[in-house]
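Visitor: Which chain is which? The protein sequence lines are R and D, in order. Note that our numbering gives residue 390 to position 390 of the first sequence, counting from 1, and the numbers run on in steps of one. Note that our numbering gives residue 1092 to position 663 of the second sequence, counting from 1, and the numbers run on in steps of one.
The hints are simulated quantities; they were obtained by calculation from the structure and are not laboratory data. A portion of the hints provided could be inaccurate.
Said to hold, decoys possible - Straight-line distance between alpha carbons at most 25 Å, and here's what the computed SDA-like set of lysine to any residue pairs gives: (1) R/Lys61 / R/Gly74; (2) R/Lys77 / D/Ser814; (3) D/Lys907 / D/Pro895; (4) R/Lys404 / D/Ser814; (5) D/Lys914 / D/Gln604; (6) R/Lys226 / D/Leu779; (7) D/Lys885 / D/Leu779; (8) R/Lys40 / D/Met819; (9) R/Lys284 / D/Phe815.
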Amino acid sequence: MKPVYLVEGKRTPQVKSGADLAEVAAPYLAHYLIRHIVDKFGLPKDQIDEVIIGNTGTPAKYPNVGRVIALEAGLDKKTSGYTVHRNCASGMEALSQGFDKIVSGRSHMIFAGGAESMSQMPLLFNKQMTAFFIDLMKAKTPVQKLSIMSRFRPEFLKPIIAIEQGLTDPFCGRNMGQTAETLARELGISRLQQDEFANRSHHRATAATAEGRFASEILAITAGKKLDRVIKDDIGPRGNSTVEGLAKMKPYFEKVTGTVTVGNACPITDGGSVWLMCSEEAVKKYNLNPMARMVDYHFHGLEPERMGLGPVMATHGVLKRTGMRLDQMDLIELNEAFAAQVLGCEKVMRDKTLASRWGINEVIGEIDHEKLNVNGGAIALGHPVGSTGSRLVVTLAHELKRRKKQFGLATLCIGGGQGGAVVIENLQK
Amino acid sequence: MQLESLTFEIKNTIALVGFGKYEKKSMTTLSADTLLELKHVVEQIAAKEKSKEVKGVLFFSHKPGVFLAGVDVSLINSLKTEADAARGAEQGQMIYNMIEDLKSATAAVVDGICLGGGLELSLSCKRIYVSDNPKTALGLPEVMLGVLPGFGGTYRLPKRIGLPNALDMILTGRQVKSKAAIKNGLATAMLPTERMMELAMDLILKPVPKKNEGFSKTLENVAMDNFLTRKIIFQKAREKVLSQSKGFYPAPLKILEVLEAGSSKGRDAYLAMEAQAFGELSQTTVSRNLQHIFFLTDNSKKLEGKEELPAIERGAVLGAGVMGGGIAWLFAQNNQAPIMKDINQAGLELGLKQASQNFSSALKKKRMSEDDFNRKMRSITPTTSFDGFMGVDLVVEAVVENMQVKKKIFSELEEMVKPDCLITTNTSSLSVTEMSQALKDSSRFAGLHFFNPVNKMPLVEIIAHPKASKKTLDTLYKWALDVKKTPVIVNDGPGFLVNRILAPYLNEAAYLLESGISIKDIDQAALNFGMPMGPCRLMDEVGLDVCEKVGKIMQEGLGSRALASGLSHKLTESGALGKKNAKGFYLYDEKGQSTGVNPVVESLLPSTSTTIDELQLQLRLFLPMINEAAYCLMDKIVTKASVVDIAMIYGIGFPPFKGGLLTYADSEGLERVTAIMQQFASEVSAERYTPAPLLMELMQKKSTFYSL
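Here chain R stands alone, though its shape is the one from the complex (with noise of 0.2 Å):
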């Protein structure tokens, strides 16, 4: 396998959905970060392989936003781009996709990434409203029109929300919420244990953006209905978080028995991160220092109303590939969609009875919190689906460098039964 570097990676400050960023076009969360990387090294704009991006609210207006991304970055029209959808961990599916084509010799330059404008996802005409718009259309005479218009009922006007379809799943009809109630129950996880876990998130990441941990990973954004404002920090953590003022919020999913708020999932967010991947090559071509090198990664199904433990099987699949323990891990980087899912993972992954229900017939290790999500995870700083598989990676290999460590993972589970994972080093020490 020729080795795979990760030069420099960026990412955008994530803001919840509907606030500072709601204006900004999924296409406009990546391309500057794209452009800002071509001109820090002075890359050729022709030399670069593919851009592929990961996304899963495709915007009506841009199917392939990967591509659209490529060209407003100022890439030359010959770039080739496209998207890539593996729901939660699209990002990390377009760096899995970014690495393959390096490893295998095909590409030398890859721009990976996500983008995600959560709050531009489209509202949808339901089924009768769009029956009802063919019909008219098919009518020819004032008559039959005037026929086909007199049945119309309000409930057409009903709107399928996509961003509420997207996030229940297809085939066991449980939304993300519900499946996450599941684990808490089915695994002991107590409703002060997610509380405890999310309100440490909030801490960590605004202690992270107080000391400006975040600022070597974030490239301010143009936002603004006039375009004249500058976003450079994340908006979503709070430092006033208390255990207490979680406890006080209600289930969300399941209001009266259930233990998953929104206080202790991951808050729907707008954001961006993109991947410079290269070959050795084009690393002593361009005369570049890369941050990393990605290892290897791995993806892993089950069963859907579960899929809050993907990341067990993933990370289990990724250590077999590269033949590594857990323990050899200096940061790790896991997804938090919602705390009893995280806290759920660390269970099953200590537990080898639990882990044999999916075969494991191990113990995968114990994971240290000093070494997990030190500045905090999506609880805080929100999940912009898209971007998130590669926003982990760039969360991670940045604060690898500051520490001056080795090894990092970077796992999430996915919405529909499956989990994702990225080991990296980091080569700046």
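We have chain R already, so just place chain D on it with the hints.
Guide: Below, chain D alone, put in the same frame as chain R:
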């Protein structure tokens, strides 16, 4: 007759008349020879019509992107009497009448620029086919040269597109693109550029498909035929023209006169009137001056040997204030995706705000789409680091006016950019030569002085210094043209060229105020001279604190003739900084509109008011400018009077109808200029009014600035 500028052939009963085949210049214009050949060709077509050899006629251009840019301005310029000019117009009219009278189907096949005499020719054809080339634009810009379209344009355009639309085009010189030309009825059909001739040859022998005009259009036509409606339209147009031209420009009024008086006349009577009006206008001083500026501007766009220079693809701005944001806008507007660096977020937002504001009017008028706005605004990278500067070709520094700060920035910047990146400063008052010493390679360094607001002021001063390379200056010159600015290359010196000449004017206004002349009288005198705003108003725009600072620099650099009046210091101390804090000579509301004279300032001025004759006032204000311009020529800031004129017109809006500052001086006569100056020297101030040695020398030789 041997054709030397036209091509002519007949293919399948279609006569093809081609322009521009032998034209070496980038724009094809109608010369006297072309017109003669055209007459000859049209006569042949008329003859062949009778024998049924010709059934259709197409006028087209061999040059992609240019149909005809109008009658050669030097041809207009060569007509030296009203009668000559009128006769010239009549000759053109006669040829165009012949085209109009052809029995065959006639069409102009327009791809690209189609202006003045080019559009008038097209109007003589029964049809106009336009290409879908975005460059295609049709217009009658004669008014901008102080004349009117003299080849039947004022006669035929209203017939084709209706009176209101025609008035708009003829009075403003506005050009319309293909889509708009179809919409307003000027063009018959829009054709794909590549297949244009092929399609036109097919279409010309077929009838034009009838357009189904909507009810409102019919109503409009009925209304237009009404005597009263026409009267109201002309009345409104006249009011608008007077308020916009302030009575300085005779052409628009004359155009209205011809159109109104001619509306009841037949073709021959109308055209005779048009020709006569053309003759009269062409000999006015205003038209002569406007033609003069046309030639100066045209010349300044020539790039002999500069075509091969490296293109600037990416820009960067240091310092994101009002100027920095404006310059970032200029890069973004021209697809040069700039990086804008400042020390903090607040600074960056100020710059983005400025850029956004500059785009907003185009956005409002729908000359720019939301998508384009998004794309161009987002092409500006706001940043606090030097990351990415390796990719840029030109950096413009626009940080605070402090020599030490700037020098520090340049020595730092030099390490952050590639070796052939041009480095420039937008300083308006500091020495570019001294600044250049901060760089290891100062050959790639120059001043690049923009005027505020960047989106509205066309001038850019490129400031040379002893070590600046010719390539650097030429590349900047070419870039400035590319981004649609008017560049002048000047040498380093206090205030460079424009501010140095402007300073004595503002300074003199201050002395006049101190002598008891009112703010209103002074500003009104300047307005009546033709300036876009009076000196007090201008000082408010510039900022009184800046005026004070610049005054000091001029005084230090130029000595006693630039001795600054103490007024701006007094005003700044009183808290009046100009428009920026809504308090200057005038008070301003939130929208920046003046609400009247600032009483605080009035109380600081002498209570006894004096009045002097307006002409005297104007001379007091403008003679010191002429004098300083003479010093600039002596000091080799620039070497040509024409550069001074261009700079003053495009830099501060010196009235174009006066032909520029030194054209004005020459036309007043240097003898008179020096005599009045000497009078002022004894009555007002010897320091400020003693004529410059060059001025005296030219006067004694009975010479002019333009003879230099």
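Visitor: A separate judgement is required for each hint: does it hold in the structure or not?
Guide: Hints versus structure:
1. Distance restraint check for R/Lys61 and R/Gly74: the Cα-Cα separation of roughly 19 Å lies within the 25 Å cut-off, and the hinted pair is therefore satisfied.
2. The straight-line distance between the Cα atoms of R/Lys77 and D/Ser814 is roughly 28 Å, outside the 25 Å bound, and the hint therefore fails.
3. Between D/Lys907 and D/Pro895, the direct Cα distance comes to roughly 20 Å. Compliance with the 25 Å bound is thereby established for this hinted pair.
4. Between R/Lys404 and D/Ser814, the direct Cα distance comes to roughly 23 Å. Compliance with the 25 Å bound is thereby established for this hinted pair.
5. For the proposed pair D/Lys914 and D/Gln604, the alpha carbon gap of about 19 Å is at most 25 Å, so the pair holds.
6. Simply put, R/Lys226 and D/Leu779 have alpha-carbon atoms about 12 Å apart, close enough for the 25 Å limit, and the pair holds.
7. With a CA separation close to 19 Å, the supplied pair D/Lys885 and D/Leu779 stays within the 25 Å bound.
8. In summary, the hint linking R/Lys40 to D/Met819 is supported, as the alpha carbons are separated by about 6 Å, within the 25 Å threshold.
9. Using a Cα cut-off of 25 Å, the hinted pair R/Lys284 and D/Phe815 holds, with the two alpha carbons roughly 23 Å apart.
Checked against the numbered hints given earlier, the structure breaks only hint 2 and satisfies all the rest.
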